[in-house]
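There are 2 protein chains.
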Amino acid sequence: MKNSVNREIPDYLLKDGNEIFKGAYANDGKEIVRDTPTIKSNIKPRDTKLVENLKEAIKKTGLKDGDTISFHHHFRDGDFVAAMVMDAIHELGIKDLFICASSLGKAHRNFVPMIEDGTITGVSTSGVRDEIGEAISEGKLKNPAYIRSHGGRVGAIESGKVKIDVAFIGASSSDEYGNASGINGKANCGVLSYAGVDAKYADKVVVITDTLVDFPNYPHPISSVDVDYVVKVDNIGDPAKIASGAIRMTKDPRELKMAEYCAKVIANTEWFKDGFSFQTGAGGASLAAAVKIKPYLEKSGIKMGWAMGGITEPIVNLLREGYVKYLADDQAFDVASVESVYKDPAHFEIDSSEYANPLNKGAYVNKLDYVVLGALEIDKDFNVNVVVGSDGTIQGAPGGHPDTAAGANCSIIVAPLVRGRIATVREKCTSITTPGETVDVLVTDYGVCINPNRKDILEQLKDTDLPLVSIEDLVKRGEEITGTPDDIEYDDQVVAIIEYRDGSIIDVVRKVK
Amino acid sequence: MKNSVNREIPDYLLKDGNEIFKGAYANDGKEIVRDTPTIKSNIKPRDTKLVENLKEAIKKTGLKDGDTISFHHHFRDGDFVAAMVMDAIHELGIKDLFICASSLGKAHRNFVPMIEDGTITGVSTSGVRDEIGEAISEGKLKNPAYIRSHGGRVGAIESGKVKIDVAFIGASSSDEYGNASGINGKANCGVLSYAGVDAKYADKVVVITDTLVDFPNYPHPISSVDVDYVVKVDNIGDPAKIASGAIRMTKDPRELKMAEYCAKVIANTEWFKDGFSFQTGAGGASLAAAVKIKPYLEKSGIKMGWAMGGITEPIVNLLREGYVKYLADDQAFDVASVESVYKDPAHFEIDSSEYANPLNKGAYVNKLDYVVLGALEIDKDFNVNVVVGSDGTIQGAPGGHPDTAAGANCSIIVAPLVRGRIATVREKCTSITTPGETVDVLVTDYGVCINPNRKDILEQLKDTDLPLVSIEDLVKRGEEITGTPDDIEYDDQVVAIIEYRDGSIIDVVRKVK
Numbered sequence: 094m095k096n097s098v099n100r101e102i103p104d105y106l107l108k109d110g111n112e113i114f115k116g117a118y119a120n121d122g123k124e125i126v127r128d129t130p131t132i133k134s135n136i137k138p139r140d141t142k143l144v145e146n147l148k149e150a151i152k153k154t155g156l157k158d159g160d161t162i163s164f165h166h167h168f169r170d171g172d173f174v175a176a177m178v179m180d181a182i183h184e185l186g187i188k189d190l191f192i193c194a195s196s197l198g199k200a201h202r203n204f205v206p207m208i209e210d211g212t213i214t215g216v217s218t219s220g221v222r223d224e225i226g227e228a229i230s231e232g233k234l235k236n237p238a239y240i241r242s243h244g245g246r247v248g249a250i251e252s253g254k255v256k257i258d259v260a261f262i263g264a265s266s267s268d269e270y271g272n273a274s275g276i277n278g279k280a281n282c283g284v285l286s287y288a289g290v291d292a293k294y295a296d297k298v299v300v301i302t303d304t305l306v307d308f309p310n311y312p313h314p315i316s317s318v319d320v321d322y323v324v325k326v327d328n329i330g331d332p333a334k335i336a337s338g339a340i341r342m343t344k345d346p347r348e349l350k351m352a353e354y355c356a357k358v359i360a361n362t363e364w365f366k367d368g369f370s371f372q373t374g375a376g377g378a379s380l381a382a383a384v385k386i387k388p389y390l391e392k393s394g395i396k397m398g399w400a401m402g403g404i405t406e407p408i409v410n411l412l413r414e415g416y417v418k419y420l421a422d423d424q425a426f427d428v429a430s431v432e433s434v435y436k437d438p439a440h441f442e443i444d445s446s447e448y449a450n451p452l453n454k455g456a457y458v459n460k461l462d463y464v465v466l467g468a469l470e471i472d473k474d475f476n477v478n479v480v481v482g483s484d485g486t487i488q489g490a491p492g493g494h495p496d497t498a499a500g501a502n503c504s505i506i507v508a509p510l511v512r513g514r515i516a517t518v519r520e521k522c523t524s525i526t527t528p529g530e531t532v533d534v535l536v537t538d539y540g541v542c543i544n545p546n547r548k549d550i551l552e553q554l555k556d557t558d559l560p561l562v563s564i565e566d567l568v569k570r571g572e573e574i575t576g577t578p579d580d581i582e583y584d585d586q587v588v589a590i591i592e593y594r595d596g597s598i599i600d601v602v603r604k605v606k
Numbered sequence: 094m095k096n097s098v099n100r101e102i103p104d105y106l107l108k109d110g111n112e113i114f115k116g117a118y119a120n121d122g123k124e125i126v127r128d129t130p131t132i133k134s135n136i137k138p139r140d141t142k143l144v145e146n147l148k149e150a151i152k153k154t155g156l157k158d159g160d161t162i163s164f165h166h167h168f169r170d171g172d173f174v175a176a177m178v179m180d181a182i183h184e185l186g187i188k189d190l191f192i193c194a195s196s197l198g199k200a201h202r203n204f205v206p207m208i209e210d211g212t213i214t215g216v217s218t219s220g221v222r223d224e225i226g227e228a229i230s231e232g233k234l235k236n237p238a239y240i241r242s243h244g245g246r247v248g249a250i251e252s253g254k255v256k257i258d259v260a261f262i263g264a265s266s267s268d269e270y271g272n273a274s275g276i277n278g279k280a281n282c283g284v285l286s287y288a289g290v291d292a293k294y295a296d297k298v299v300v301i302t303d304t305l306v307d308f309p310n311y312p313h314p315i316s317s318v319d320v321d322y323v324v325k326v327d328n329i330g331d332p333a334k335i336a337s338g339a340i341r342m343t344k345d346p347r348e349l350k351m352a353e354y355c356a357k358v359i360a361n362t363e364w365f366k367d368g369f370s371f372q373t374g375a376g377g378a379s380l381a382a383a384v385k386i387k388p389y390l391e392k393s394g395i396k397m398g399w400a401m402g403g404i405t406e407p408i409v410n411l412l413r414e415g416y417v418k419y420l421a422d423d424q425a426f427d428v429a430s431v432e433s434v435y436k437d438p439a440h441f442e443i444d445s446s447e448y449a450n451p452l453n454k455g456a457y458v459n460k461l462d463y464v465v466l467g468a469l470e471i472d473k474d475f476n477v478n479v480v481v482g483s484d485g486t487i488q489g490a491p492g493g494h495p496d497t498a499a500g501a502n503c504s505i506i507v508a509p510l511v512r513g514r515i516a517t518v519r520e521k522c523t524s525i526t527t528p529g530e531t532v533d534v535l536v537t538d539y540g541v542c543i544n545p546n547r548k549d550i551l552e553q554l555k556d557t558d559l560p561l562v563s564i565e566d567l568v569k570r571g572e573e574i575t576g577t578p579d580d581i582e583y584d585d586q587v588v589a590i591i592e593y594r595d596g597s598i599i600d601v602v603r604k605v606k
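From first to last, the protein sequence lines stand for chains A and B. So in the working numbering, the last spot in the first sequence is 606, and the numbers never skip. So in the working numbering, the last spot in the second sequence is 606, and the numbers never skip.
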């Protein structure tokens, strides 16, 4: 059956409450009964939650074949926790696990043999890259992987679609009762936003830290009232990789040009006024947009009310220089943001439900004025693909892309027209992650293109010196440069299901022949 | 049927999951399936939650006859919110409501005619005083009132025993999305701890404030993701009564003597060491104990790890003078504490589940070393009554009394042997709120009495100059002064059910003849 963005979804997937995508706002106002954790109450006053080692903790949780466990990815490529938990589980011989991760990548390469031997048979994640991405793309996982946005992951958990039996939460610091955070440790990741919903909805919660502090650890985005066991290990991660300093300002003139276009779009639209809100990703041009906006703020005297995201150094600088009042942080992308959160009193942590969950009573994304996002591909209907490479393999992450695009008053996609020999703007995307109805402006190095359904934005930009172009022109220009791409040949096997943030199926990824 | 503290509980109450009390720790380790709120998801990005007035908000919630609504009491005697909500509901003609309040008192006097006319037919509260206390004592409420400790209230809500249809949360400040707090307003109450569970478990949540601020309000102990509607009113309360400066240091030599005994008990027992934890109430002698402990800290060089409670000025002073590292605040009792929370970075808010809930994975009370508590009466088995006056009428509050007594390593009750012509220490209490097995030390003006089941404490205190006495001696001494009290004559009607923190029935209050 084809869904509303014209993607073929096999009928056999439309069971167990799985529905096809019917539009970005089709499920607004739906009533949700929240899921219920079963908790063992009332540890006795003198009891400790400290368990000798990871294996003992796993045994105490009662984890068994067929269960669902969860991880967060705030330690990013420097994460040791997920790998050590899975090694322990593997040694204990527990099989057929469903992994509900907030993202998967380089740090999870030891999952691959466990996918092959049936230890791991299902996955839900907001991003898949590197070795585990390859394994899933090759169809090695027994069941199709679910790819969900950051908000969609929370919605799936809160609505009971994913029932976490045991959440394993790596924390930079914790007391022995489980008050845990991404600071105060020897390997700080800043915030633990993605783990918030896991802590609240999992039946059992294990905190793993290398820095035990006195009760009460403060701040504690993960509260001890949600934690069953605490395990101290030697090292939870490699601080250099948790928040690498590698996110640097681009010097690529093409990216800088696009960033300037983004800033100009923002400065010339109606939401650019005192108190406006802003989010940008960590990609070259997106990040540069956070810098390019500054002269417009200086000149106009306008100040941002708040910025959100994926916080990076340029955003922290805007805070410290007084250009923005608050930073709402769901992920610290670099050393500067890790060191700023909680220390700068206006830089606070929000959990991923607050950030992006479409099934709560209104997430922060709904209050966004501008978001600047990247794209692997964008089609003539402004549908965006950020998950599947043009060769058909999974190598990306929806992250908060569909969430922020749906929420923001003005969502801006920034992407070069062509990457290498591949057109980014094209007749048809290899896959769809974010529906075009939520995409308002496309900024490329070949001009700025406004979604025709946003006549208001077109009206506001038509008298600027921005080089406005149509999407058809961009598609044609791209094809002129790269030629028409060959169709990819697929196998029947669905290796991944891409859910829209409301839980409907917006696309599937098939195994490449 | 008699329960384990020898109180007669009518069999007809033992239905719908109501059980008799079997001991303070009898339900430890019970498995609880958390309750499920039904929420309407996904307000659209540009929607506002701001509703024109209270009546419109009530209509939007769909509130109907027979529903349960909730209030918190952080505004204390200065609260305008509960009264104005009930006036609006009354005008709308909605009947047969169950009120789940964190406490009831002078601010709720307009509830009395609504009890009489059937608007209010049931109540759950952690305290009942003043006019509404009299009305309940007189048997005017259709159904017996449930009196639950602060922790017990959370447990009742989280376990689904009380299902809140609509929570009305007065807030000192809020943005129009519902991020709300007890600071940043014109009538500040400091924290909103008791409202935390209401926000998370109620189907509908209405925030009522007189100070609207820009999104995102920060801090926001009540998160917008849990809030349906926001109403701006002129005045939520009288700041002078919200946190009156009236809590002053006692000059009563009897109270000062008892406070000194408390401090000496603490300073001579094993938990008095670096990092120890401490809670005290706001009563004369309890409050004075927070002052009397200071010389012992000075002399010993020992520092408290954290203090909790009911925060008051003497505790804030200890923080500022470096004698305690953290304050965990679930209620701000005076101007000094309202002004300190969040401003002093080590003075943080905890919600009432974190504070005292016996049905989560371990509340802060479990980590307490010392708690100093008051009593209306205490019997020869150390059972304590803090709810029912010696004349049989309801005029008190369990608050966190049973919670902290159960959790602390050393729970100290401080009370004069005799009040007016009434003995405080007596053969038998008029009612029981806190079981004697959780009471360790009784400090009176006639000496200090150790619960015989705490031989460890007796051993540690026996060589001090504290005047140690037996409970039997105190009972005898009290009777010598006051004579044997006449038995109160009761009607059959049960006007209130006193639940222990685990939800079992520890006592009932009958109507006085």
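One or more hints might be untrue.
Stated by the list, open to error - Selected chain B positions facing chain A (in silico; Cβ < 8 Å):
(1) 136
(2) 138
(3) 311
(4) 368
(5) 455
(6) 551
(7) 553
Please keep in mind that the hints were generated in silico from the structure rather than gathered at the bench. Beta carbons are placed, not taken as given, at the ideal position from N, Cα and C, and that holds for glycine.
Structure-based check of all given hints:
Below 8 Å, beta-carbon pairs count as interface contacts, and residue 136 of chain B has one with chain A at about 4 Å; its hint therefore holds. Interface restraint check for residue 138 of chain B: the shortest CB-CB distance to chain A comes to about 4 Å, inside 8 Å, so the restraint holds. The restraint placing residue 311 of chain B at the interface with chain A holds, with a minimum CB-CB distance near 6 Å, inside the 8 Å limit. Satisfaction of the interface hint for residue 368 of chain B is found here, the shortest Cβ-Cβ separation to chain A being roughly 6 Å, below the 8 Å cut-off.
Proximity of residue 455 of chain B to chain A holds as hinted, the smallest CB-CB distance being about 4 Å (cut-off 8 Å). Interface hint at residue 551 of chain B: violated, since its Cβ lies 19 Å from the closest Cβ of chain A, which is beyond the 8 Å cut-off. At a threshold of 8 Å, the smallest CB-CB gap from residue 553 of chain B to chain A is about 17 Å, leaving the interface hint violated.
Figure legend: structure checked against the earlier numbered hints; hints not met, in rising order: 6 and 7.
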